[in-house]
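Novice: Position chain B against the provided structure of chain A, taking the given hints into account.
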Amino acid sequence: DTEVTQTPKHLVMGMTNKKSLKCEQHMGHRAMYWYKQKAKKPPELMFVYSYEKLSINESVPSRFSPECPNSSLLNLHLHALQPEDSALYLCASSRGLAGELFFGEGSRLTVL
Amino acid sequence: AQSVTQLGSHVSVSEGALVLLRCNYSSSVPPYLFWYVQYPNQGLQLLLKYTTGATLVKGINGFEAEFKKSETSFHLTKPSAHMSDAAEYFCAVTLPEVGNQFYFGTGTSLTVIP
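The listed protein sequences derive, respectively, from chains A and B.
Each residue of the first sequence is one higher than the one before, counting from 3 in my numbering.
Each residue of the second sequence is one higher than the one before, counting from 68 in my numbering.
So here's chain A without its partners, still in its complex pose (with noise of 0.2 Å):
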């Protein structure tokens, strides 16, 4: 099993909702990343969990919050986002420190 799952697919949200995104690995990946990917432009990182340990936060805003339940999930939890906002958010995971990343199909957010 080689796959990094994220749901939902594609989620529009008002600008005072709260949703989250979650993804899935069942790899036995110990990092695991959440990116924000704009229309023709390469990821931009957002967070690093490591051992399930925060260990990267690219100053994103605090409009995004990441969590991982455990080494197999992660989430990020939104609230009050603004429409710059919508993205494709990747989710991806690595076996090791620099080992490739696998990434998930994404989840296309369209903030209203």
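Simulated from the structure, these hints should not be mistaken for laboratory data.
Since we're looking at a predicted model, the values are computed, not measured.
Some chain B residues near chain A, calculated using beta-carbon distances under 7 Å: (1) F101; (2) Q109; (3) G110; (4) L111; (5) L113; (6) K116; (7) F157; (8) F171; (9) T173; (10) G174.
The beta-carbon is built from N, C-alpha and C at its ideal position, and this holds for glycine as well.
Specialist: Chain B only, in chain A's frame:
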């Protein structure tokens, strides 16, 4: 700081022609190098990677890339383009000692002309 440069944000080739996508990096230590492909509305898929050993690496879908330390390059090639190769391609670098931090190039959009 590390950086990755992909020359040519858009590349067009005829079906059956050679595909060459360029990637140069800057790094003070030997990096690990990757090429990813992204089809519309999908995540990124690993095409190939270089970590150590043989500098010519083969990947999926007939792609290959050669690590040239003297030129700090890791160009992606495919002898004969197929219509299904049309996609966005990203070169990425990570440092084995640091890890957990991937540096992506700006991407190259490949169009294949029938």
